[in-house]
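**Q** The residues making up each chain are set out below.
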Amino acid sequence: MNELLIVQNITKRFGGLQANNNISFVVNKGEIIGLIGPNGAGKTTLFNCIACFYNVDEGKIFFKGSDISQSTPQRNCQLGIGRTFQIVRVFKDMTVLENIMIGAFLRNKHPRDAKRKAMDIAAIFGFAHKLQLKASSLTIAEQKRLEVARAVATDPELLLLDETMAGLNVQEVKESVELVLKLKERGITLILVEHVMEGIMSIADRVIVLDDGEKIAEGSPRDVINNDKVIQAYFGDKYHAKRREFTTSIQ
Amino acid sequence: MKNKLPVIAFLLFFCCLIFFPLVFKTPFPRHVLIMVFLYATMGIGWNIIGGYAGQVSFGNAAFFGVGAYSSAILLVHFGISPWVGMLVGVLLSALLAVIVGYPCFRLQGHYFAIATIAVGEIVMVAFLNWNFAGAAVGIYLPILEQSLKNFEFHTSKLPYYYIIVCIFLFALAVCYFMEKSRWGYYFRAIKNDPDGACSLGINIRKYKLYAFILSAVITSICGTFYAQYILYIHPSSTMDLMMSIQICIIVLIGGLGKLFGPVLGAIIFVPLTELTRVYLGSQGQGMDFIIYALIIMVIAIMRPQGLWGVFSREARGTR
Numbered sequence: 000m001n002e003l004l005i006v007q008n009i010t011k012r013f014g015g016l017q018a019n020n021n022i023s024f025v026v027n028k029g030e031i032i033g034l035i036g037p038n039g040a041g042k043t044t045l046f047n048c049i050a051c052f053y054n055v056d057e058g059k060i061f062f063k064g065s066d067i068s069q070s071t072p073q074r075n076c077q078l079g080i081g082r083t084f085q086i087v088r089v090f091k092d093m094t095v096l097e098n099i100m101i102g103a104f105l106r107n108k109h110p111r112d113a114k115r116k117a118m119d120i121a122a123i124f125g126f127a128h129k130l131q132l133k134a135s136s137l138t139i140a141e142q143k144r145l146e147v148a149r150a151v152a153t154d155p156e157l158l159l160l161d162e163t164m165a166g167l168n169v170q171e172v173k174e175s176v177e178l179v180l181k182l183k184e185r186g187i188t189l190i191l192v193e194h195v196m197e198g199i200m201s202i203a204d205r206v207i208v209l210d211d212g213e214k215i216a217e218g219s220p221r222d223v224i225n226n227d228k229v230i231q232a233y234f235g236d237k238y239h240a241k242r243r244e245f246t247t248s249i250q
Numbered sequence: 000m001k002n003k004l005p006v007i008a009f010l011l012f013f014c015c016l017i018f019f020p021l022v023f024k025t026p027f028p029r030h031v032l033i034m035v036f037l038y039a040t041m042g043i044g045w046n047i048i049g050g051y052a053g054q055v056s057f058g059n060a061a062f063f064g065v066g067a068y069s070s071a072i073l074l075v076h077f078g079i080s081p082w083v084g085m086l087v088g089v090l091l092s093a094l095l096a097v098i099v100g101y102p103c104f105r106l107q108g109h110y111f112a113i114a115t116i117a118v119g120e121i122v123m124v125a126f127l128n129w130n131f132a133g134a135a136v137g138i139y140l141p142i143l144e145q146s147l148k149n150f151e152f153h154t155s156k157l158p159y160y161y162i163i164v165c166i167f168l169f170a171l172a173v174c175y176f177m178e179k180s181r182w183g184y185y186f187r188a189i190k191n192d193p194d195g196a197c198s199l200g201i202n203i204r205k206y207k208l209y210a211f212i213l214s215a216v217i218t219s220i221c222g223t224f225y226a227q228y229i230l231y232i233h234p235s236s237t238m239d240l241m242m243s244i245q246i247c248i249i250v251l252i253g254g255l256g257k258l259f260g261p262v263l264g265a266i267i268f269v270p271l272t273e274l275t276r277v278y279l280g281s282q283g284q285g286m287d288f289i290i291y292a293l294i295i296m297v298i299a300i301m302r303p304q305g306l307w308g309v310f311s312r313e314a315r316g317t318r
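Here the protein sequences line up with chains P and U, keeping their order. Okay, so the first sequence: first residue is 0 according to numbering that gives the first Met the number 0, each after it adds one. Okay, so the second sequence: first residue is 0 according to numbering that gives the first Met the number 0, each after it adds one.
Honestly, the hints are just simulated from the structure, not real lab data. Idealized CB from N, CA, C, for every residue including glycine. Hints are not guaranteed to be accurate.
[Said to hold, decoys possible] In silico EDC-like links for lysine to aspartate or glutamate, alpha-carbon gap of 16 Å or less:
hint, chain 1, residue 1, chain 2, residue 2
1, P, K173, P, E162
2, P, K114, U, D192
3, P, K91, U, D192
4, P, K108, U, E178
5, P, K133, U, D192
6, P, K91, U, D194
[What the hints assert, rightly or not] Simulated coverage check for chain P against chain U, where a stretch passes if three residues somewhere in it have a Cβ under 8 Å from a Cβ of chain U:
hint, region
7, 86-93
8, 108-117
[As the list claims (entries may be wrong)] Just the calculated beta-carbon pair ranges, DEER-fashion:
hint, chain 1, residue 1, chain 2, residue 2, range
9, P, S135, U, V173, 24 to 32 Å
10, P, T10, U, N128, 49 to 57 Å
11, P, Q131, U, I244, 32 to 40 Å
12, P, K59, U, W82, 52 to 60 Å
13, P, R111, U, I244, 53 to 61 Å
14, P, S135, U, I295, 23 to 31 Å
15, U, I98, P, K59, 35 to 43 Å
All chains should be modelled from the sequences, with the hints used to inform the complete structure.
**A** Spelled out as structure tokens, the structure:
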């Protein structure tokens, strides 16, 4: 059994708006999956459905063989799905250490154990010298990293990262990429929602492209970039037509 | 222990608690001290739900009332000891907290606060019309022989003082251990960001309910004490909305979500109320309230984060 997450024909509507329409895919253990698409494609909705912040209207989601399509976020986390948020949601009044401890408490009931574990994780994420700082005093890049650290402290098997690279500078994106690879080494399966292409293309094993609530492509990053539908979705019909003219004229 | 200062400060504070009544020998200052610790304890109770878990409750007086009425009704109608009544009150308050909290914790922020106002008022109106519980007239507790067993003392306020100090220290210990435990961390996480908290596997409704129950239990014990101390209770003295607000103000003045915040708040607020009432109460209608409102406004403007911050390390800019 290599399949960690199975998404089967899920549909999510908000009133008359169909945010996700009949989407299916499979995530295998140890993979890094990139979830991309233009603004409003339904990436975050899909993501929230997997994390159970929304419950799907139709279809099923299986994690490690059990149906989680009508589960709750906290139940999901207990099962082993961690997540971060598009807009950072660190506990601002609490210190870096305390933030990570909240995650660690899930599997370590005693504060002493949780603290020890949080210290280990803080060291991995480069927070060793910032343990006692308030989360609100960190930079955005650090806060995003803290969110990942906090989620990793819950010992997830599957980690959902929502735009962890958005709004970061080149150096920070590079660090973020390294971090993702480090997580993969720890045996964590990852789904990344991302806008920053150079970040995701180099590390994703497989990319799923959404447009207008539908899955329009799936495959290796190289295949997806050259997919007609993807180019059309990203750059519009006009550019697509021009590009085709251009390529045919070369040929 | 990295820092011994808090320990020493606490020991000093503890000594003061014991020796206070030896300094103040007349009944009035002793009464003020008793009220200080009564309100400090209620403040600690409120701080757990309002300060740590961030769910503002304007209905805590209902728990105070349930505590007061439970023991009073059991004593008057069934002759059961107030100490047993205290336990019954605690159980009933916890039950009320579950009944109220379970549906209300679906609401967030201001909406929860509004719901608690409604609940507090409903409980008060219910007691105002409940003949068995004395309705609007209230209940006069029977004068019994003074003893610890009967929870009644007539010749001196001193025993009451030591009882409330014990209750206060108990509440302080509960709050201290709560703060250091997983619950304390979870409460603060829920206050900071509920969505973030549930993404980390915290069942937020469950933990909000735990906080509410703890808060209710502590407040209820205070209610029983009040009934035995004043020996006369009626709905508007034990479960008025104003009382819920006062408890809330004490914590806000002292320091929200700080262990000693409510203590500091009560030390400032209660003597202020009592003294303005005594010295200015006869100067015309409501003079005491005007002065006391002014002082609250000044504190709110000068130190919106509460007075406790003045003494803590954060305020001095060190980390």
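**Q** All hints, please: hold or fail.
**A** Do the hints match the structure? See the list:
{"no.": "1", "hint": "P:K173 - P:E162", "result": "holds (14 Å)"}
{"no.": "2", "hint": "P:K114 - U:D192", "result": "violated (21 Å)"}
{"no.": "3", "hint": "P:K91 - U:D192", "result": "holds (8 Å)"}
{"no.": "4", "hint": "P:K108 - U:E178", "result": "holds (14 Å)"}
{"no.": "5", "hint": "P:K133 - U:D192", "result": "holds (15 Å)"}
{"no.": "6", "hint": "P:K91 - U:D194", "result": "holds (13 Å)"}
{"no.": "7", "hint": "86-93", "result": "holds (count 6)"}
{"no.": "8", "hint": "108-117", "result": "holds (count 4)"}
{"no.": "9", "hint": "P:S135 - U:V173: 24 to 32 Å", "result": "holds (29 Å)"}
{"no.": "10", "hint": "P:T10 - U:N128: 49 to 57 Å", "result": "holds (53 Å)"}
{"no.": "11", "hint": "P:Q131 - U:I244: 32 to 40 Å", "result": "holds (36 Å)"}
{"no.": "12", "hint": "P:K59 - U:W82: 52 to 60 Å", "result": "holds (57 Å)"}
{"no.": "13", "hint": "P:R111 - U:I244: 53 to 61 Å", "result": "violated (39 Å)"}
{"no.": "14", "hint": "P:S135 - U:I295: 23 to 31 Å", "result": "holds (28 Å)"}
{"no.": "15", "hint": "U:I98 - P:K59: 35 to 43 Å", "result": "holds (36 Å)"}
In this structure, the earlier hints numbered 2, 13 are contradicted, and the remaining ones agree with it.
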